[in-house]
Amino acid sequence: MLKIKSLRARVEDKQILKGLNLEVGAGEVHAIMGPNGSGKSTLASILAGREDFEVESGEVTYNGEDLLEMSPEDRARKGVFLAFQYPVEIPGVSNANFLKTAINEIRKARGESALDSKEFLQLMKEKMKLVEMDKTMTQRSVNEGFSGGEKKRNEVFQMAMLEPSLAIMDETDSGLDIDALRIVANGVNALRNENRSFVVITHYQRLLDYIVPDYVHVLYDGKIVKSGKKELAFELEQKGYDWIKEEISAVKA
Amino acid sequence: MSEDQKILEDISRSEYKWGFVSAIESETAPKGLNEDIVRFISMKKNEPEWLLEWRLRSFRHWLTMKEPKWPNVQYPEINFQDIIYYSAPKKKPELSSLDELDPEIKATFDKLGISLEEQKRLAGVAVDAVIDSVSVKTTFRESLAELGIIFCSFSEAVQEHPELVKEYLGSVVPHTDNFYAALNSAVFSDGSFCYIPKGVRCPMELSTYFRINSAGTGQFERTLIIADEGSYVSYLEGCTAPMRDENQLHAAVVEIFAHKDSQVKYSTVQNWYPGNKEGKGGVYNFVTKRGICSGRNSKISWTQVETGSAITWKYPSVILKGDNSIGEFYSVAVTNNFQQADTGTKMIHLGKNTRSTIISKGISGGQSQNSYRGLVRISKKADHARNFSQCDSLLLGDRCGAHTFPYLEVHNKNAMVEHEATTSKVGEDQIFYCNQRGISTEDAVGLIVNGYCKEVFNQLPMEFAVEAQKLLAISLEGSVG
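Chains A and B, in that order, are what the protein sequence lines are.
For the first sequence, the positions run 1 to 253 when my numbering is used.
For the second sequence, the positions run 254 to 734 when my numbering is used.
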């Protein structure tokens with residue numbers, strides 16, 4: 001459903017992605033690991049359509065359509081969801097109001113009728129359980145005054161509400177304590193199904209103990225340099241990224 | 254230009270929605286201003302001698318005054334001799350029911366979406382509608398009269414309750430107060446009058462709708478609200494005008510007199526024509542609004558949502574004379590394209606334990622300029638006075654300006670005065686976050702700005718708040734970039 005071919009991208013003068021290839025099938029969970037500065041978050045931003053990045057060459061198709069041609073909101077309406085590494089605050093706009101606007105925009109784009117208040121509240125109640133969310137959180141302003149853990153939980157809650165077909169999680173585990181990590185991971189696992197794919201970007205193997213991936217890729221210097229099954233994550237955890245770096249320099253030499 | 258900005262510029266094609274002209278026959282005075290015009294207006298209104306004298310005193314004083322130049326706004330010199338000072342719909346209505354209303358006027362209201370019929374049946378809002386200068390119809394008069402509430406046009410009040418008008422007219426805004434107040438005192442042609450007797454809680458929102466219709470006409474209405482001891486009233490004011498290439502002058506005066514233990518809540522949604530996208534035309538809104546908390550424990554609260562006018566110059570103020578009295582000012586001022594706003598409030602603390610709150614939200618887009626100007630004065634005798642002011646400015650894009658001119662004059666040591674101010678930009682991060690959830694940039698800006706104004710909107714009566722939100726969304730179209 002997602003195909004990335006020889007993607008090259010830069011931000012200002014800095015080359016960040018240098019010919020990245022990746023294929024994600026329906027219902028698969030792919031973990032992308034890699035050291036700082038390897039291009040992980042850039043990849044997430046480009047898939048979501050952030051403007052700061054310039055795609056120089058390569059292509060990205062999503063269900064056969066050119067993803068790069070679409071506006072960020074069209075991507076979202078077609079089922080692409082990004083769980084942000086740093087979710088922004090929107091003062092004065094309640095979580096509930098924000099999500100209702102979002103859901104109804106997405107439904108409109110799909111030719112579905114808008115949810116009325118009753119249906120919406122029902123849906124919210126159901127999904128809140130997934131991430132053990134407090135009722136008061138839906139009435140608070142979007143992410144305003146939320147702790148790091150609450151923000152991440154809110155991202156997963158939004159994901160549950162919007163039911164995407166491709167979810168990209170950008171370091172959702174960063175800054176979480178072990179309990180919060182468990183809650184977030186349980187939420188994600190509950191959302192896994194044969195039609196929904198995940199790209200899970202993370203630094204640490206820790207998250208993958210909870211969200212067990214089908215495939216693991218190592219992103220280094222703007223390219224996927226190694227791919228494998230979930231065991232690759234364990235190997236990385238034991239040997240560190242230096243092992244990969246050495247392998248690569250050996251090949252180059 | 255970024256993609257977001259392009260989208261916003263594209264959708265900014267939508268025009269001022271209230272810009273129709275009603276083909277109502279009107280009776281107008283010749284252009285220009287002199288004592289004869291003042292006499293003409295007074296005669297047309299069949300006014301008593303004392304009122305004519307008051308007008309003439311105002312006019313003579315006005316001649317000695319200079320147009321104020323201190324506001325942070327720029328406009329070409331106004332030729333006061335090129336304005337029509339009196340224009341009244343010709344068929345002067347003497348109606349017993351709404352059905353007899355001039356069909357053109359009725360159609361005007363229907364276009365405005367304030368069908369009087371509808372309001373009469375559903376909303377329970379008493380409406381006094383002022384087109385150009387003359388009050389057209391006051392609804393609900395009888396049911397209010399049963400409670401002793403007087404709600405009528407200013408002209409009627411002059412005829413039927415001259416003692417009240419004489420006692421209170423100019424008691425809060427003297428005819429010498431400022432250039433535009435003096436002008437208004439000389440030539441005002443109508444407006445609304447409201448008196449709430451002792452101990453009465455007005456059971457419905459009282460509402461006035463102002464509209465400038467005729468070309469080249471100035472609108473100078475005058476509103477006088479008197480809340481007697483222990484009474485309560487919530488008053489709404491709405492304004493629109495047709496689109497015209499020339500600028501129109503609106504110089505109104507609102508006076509509120511609050512006696513002991515009374516409360517007045519005054520809400521405005523101002524949507525005068527702001528001019529086109531190049532800054533041509535639009536209303537000059539130079540308005541003096543002031544209330545006095547005369548008695549102990551009285552309270553006056555101003556809430557305003559200002560989205561229209563080419564130029565706004567307006568400082569709804571409260572004189573806190575009675576001990577323990579409370580003054581509040583909640584404001585959202587939106588400027589877009591080439592609009593200019595210089596607005597704020599004055600809180601004058603005279604009594605002991607007086608308290609005031611100022612919440613001002615300025616939003617500027619396009620190439621507009623938006624200034625907050627406020628004065629908090631704590632006099633020597635105002636022991637334990639308190640003020641809290643919060644002035645926030647939000648910038649949409651990088652060609653607009655936000656300015657804050659807060660003046661604090663504290664002459665009493667045990668006063669507590671707090672001032673907070675912030676300036677922020679609608680963040681691209683915020684917009685992108687909304688986009689990523691399927692919300693278009695246009696809707697995202699509306700959502701973010703509405704959130705930003707929430708504290709003020711919460712002060713508005715429900716129906717008004719909904720209207721204000723919609724208005725805000727329309728006003729913001731094309732604001733970024």
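Warning: the hint list may mix true and false statements.
Okay, derived cross-link-like pairs now, BS3-like style, lysine-lysine, Cα gap no bigger than 25 Å in a straight line [to be verified]: (1) B/K723 - A/K100; (2) B/K723 - A/K135; (3) B/K723 - A/K108; (4) A/K100 - B/K574; (5) B/K518 - A/K118; (6) B/K605 - A/K118.
Derived from the structure by calculation, the hints contain no laboratory data.
(Q) Given the hinted pair B/K723 and A/K100, is their Cα-Cα distance within 25 Å? (A) Holds. B/K723 to A/K100 sits at ~17 Å (cutoff 25 Å).
(Q) Given the hinted pair A/K100 and B/K574, is their Cα-Cα distance within 25 Å? (A) Given pair A/K100, B/K574 is violated - Cα atoms ~47 Å apart, limit 25 Å.
Q: Take a quick look at whether B/K723 and A/K108 sit within 25 Å of each other, Cα to Cα.
A: Distance ~20 Å between B/K723 and A/K108 Cα, so the pair holds.
Q) If you draw a straight line from the CA of B/K723 to the CA of A/K135, is it 25 Å or shorter? A) Judged against 25 Å, a Cα distance of about 29 Å means the pair is violated.
Q. Between B/K518 and A/K118, does the CA-CA distance stay at or below 25 Å?
A. violated (34 Å)
Q) Given the hinted pair B/K605 and A/K118, is their alpha-carbon gap at most 25 Å? A) violated (50 Å)
Taken one by one, the earlier hints fail for this structure at numbers 2, 4, 5, 6, listed in ascending order.
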